[in-house]
Amino acid sequence: MTPAEVIALEAAREGQRGPPSEYGRYPEHLSADELAECFFFDQRDRELILSRRRERNRLGFAVQLGTVRYLGRFLEDPSRVPDQVVRWVARELGLDPSAGLGAYAQGEARWDHQAEIRREYDYREFHEPEVERELLGWLEARAWVSAESHRALFDRTVDELIASKALLPGASVLWRLVGAARHRAAERGYELIARGVTAQERQALESLLMVAAGENETQLERLRHGPIKPTAEGMVRSLSVRRPGERHLRVVKDDAVDDQSERADLLVGGESWKSTTR
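Anchor point for the sequence shown: position 47 equals 46 in numbering that gives the first Met the number 0, and the numbering is continuous, going up by one each time.
If you are wondering where the hints come from, they were derived from the structure by calculation, not from laboratory data.
Note that CB positions come from ideal geometry on N, CA and C, so glycine has one too.
It is possible that part of the hints are untrue.
If you anchor each label on the Cβ, the simulated ranges turn out as follows [claimed, not checked]:
{"id": "1", "residue 1": "Ala179", "residue 2": "Glu107", "range": "32 to 40 Å"}
{"id": "2", "residue 1": "Glu131", "residue 2": "Ala211", "range": "46 to 54 Å"}
{"id": "3", "residue 1": "Pro96", "residue 2": "Arg16", "range": "38 to 46 Å"}
{"id": "4", "residue 1": "Glu190", "residue 2": "Glu36", "range": "41 to 49 Å"}
{"id": "5", "residue 1": "Ala179", "residue 2": "Gln202", "range": "31 to 39 Å"}
{"id": "6", "residue 1": "Ser30", "residue 2": "Thr197", "range": "27 to 35 Å"}
{"id": "7", "residue 1": "Trp110", "residue 2": "Glu36", "range": "22 to 30 Å"}
{"id": "8", "residue 1": "Val235", "residue 2": "Asp158", "range": "32 to 40 Å"}
{"id": "9", "residue 1": "Ala231", "residue 2": "Ala193", "range": "33 to 41 Å"}
{"id": "10", "residue 1": "Arg43", "residue 2": "Asp158", "range": "23 to 31 Å"}
{"id": "11", "residue 1": "His182", "residue 2": "Asp154", "range": "14 to 22 Å"}
{"id": "12", "residue 1": "Gly213", "residue 2": "Ala140", "range": "22 to 30 Å"}
{"id": "13", "residue 1": "Gly136", "residue 2": "Leu219", "range": "34 to 42 Å"}
{"id": "14", "residue 1": "Gly169", "residue 2": "Phe39", "range": "52 to 60 Å"}
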């Protein structure tokens, strides 16, 4: 089975065939800690916010600043934020929460504010070569040393982009990048494992994929199954099934990997492989 097939099977088991629907969106409710972290405005923030003449522009600028801190992106319609957020921001700044985000979202000032926030707070567009290069390097390293699922690594990547002040790309773009990184990490792990396998060991491993006469499953499938019954009889039967294949389980000899660091990499790759086949 190829790495791509392993990843596809994992996605099918998890019922996850694409990016999560909540990507780049507000949840129904934010905790007090989340509000305090992303919608707390220091002296510099307040000077920028309160330099707007109209109250609705002050409220809109503040909401957009908090939004990009929390979501990692600007909303096309800045008024589509939970009322809880608007009330919190208004209370923080002493503004009227009914100042009119709907009118603000229809005006041109919102685009100017987004550009100003990017400039003043050093936010970077994802399509900038340096941003994508940094992310790919981080993804390659993370996918190699961890055994995270596609969704888990996707979520970690979103957190990394937000922390590095890189605006989130489209959901499908990021989902494909994560999948490609996991695919390359799996291929690398397979190559390291296969490097020390002799022709005899390869033949023995391939025999595990064959269905013997009178059987309806491969030896590999039988090795992966637990006891059929949680009884003493079932345990004995399970052990009798496993013993014939035990000699195939250790396919990489210690002398196949001479370098200590490379052996460590091999072990990490092996853990990733095991987690995807459970």
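Each hint tested on the structure:
no. : hint                          : in the structure
1   : Ala179 <-> Glu107: 32 to 40 Å : 38 Å, holds
2   : Glu131 <-> Ala211: 46 to 54 Å : 50 Å, holds
3   : Pro96 <-> Arg16: 38 to 46 Å   : 40 Å, holds
4   : Glu190 <-> Glu36: 41 to 49 Å  : 42 Å, holds
5   : Ala179 <-> Gln202: 31 to 39 Å : 33 Å, holds
6   : Ser30 <-> Thr197: 27 to 35 Å  : 56 Å, violated
7   : Trp110 <-> Glu36: 22 to 30 Å  : 26 Å, holds
8   : Val235 <-> Asp158: 32 to 40 Å : 48 Å, violated
9   : Ala231 <-> Ala193: 33 to 41 Å : 39 Å, holds
10  : Arg43 <-> Asp158: 23 to 31 Å  : 24 Å, holds
11  : His182 <-> Asp154: 14 to 22 Å : 18 Å, holds
12  : Gly213 <-> Ala140: 22 to 30 Å : 48 Å, violated
13  : Gly136 <-> Leu219: 34 to 42 Å : 35 Å, holds
14  : Gly169 <-> Phe39: 52 to 60 Å  : 29 Å, violated
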